[in-house]
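Participant: Sequence:
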Amino acid sequence: MQPIEFADILSTDLQLAHTGYLTHALCLQGTATLLFNGASFPLQRGDCIIMQRSENAQIADASPDFQTIIVYVTPEFIQMALPLSNYGTRGHMMLFNDPVMHLNARQVERCQENMEYVRTRCAEKEHRFYLDLTLNAVQA
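Residue numbers for the sequence shown follow the working numbering, so the first one is 23 and each next one is one higher.
Keep in mind that the hints were calculated from the coordinates and are not lab data. For glycine and all other residues, C-beta sits at the position ideal for the given N, C-alpha and C. A hint or two may mislead.
Ranges of calculated distance between the beta carbons of each label pair, as one might list FRET restraints [claimed, not checked]:
#, residue 1, residue 2, range
1, H149, D30, 18 to 28 Å
2, R128, F63, 21 to 31 Å
3, N59, H149, 14 to 24 Å
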């Protein structure tokens, strides 16, 4: 189990394969429906998803052009990367009830840049300070 993994398609099978990971996904284009904790959430370009229990999620009605970028992170790695003033229990409950955030154009651009930055940094496995490098990228 790698502490950070990436995918470019949000699917039910991938969610099950990443049981225990925290899912961070950004919808880049197309539409789909996220079924999570008994609720249905429409997804479209610019929607960001953060789920703690990704194995509870199903993707339905994905359009042919549905495209995402996903960063899966283990809870242990997130815990190491979190600042002392983290989101805490209140944030966990908010995300459990509604894991979808609708972003404006600038926020989408920034979120995608950040996810790609984490992917780039995670590829630098030979870096002398790899753990610090990846921790800082995830924290940012």
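Participant: Can you list which hints this structure breaks, lowest number first?
Facilitator: 3
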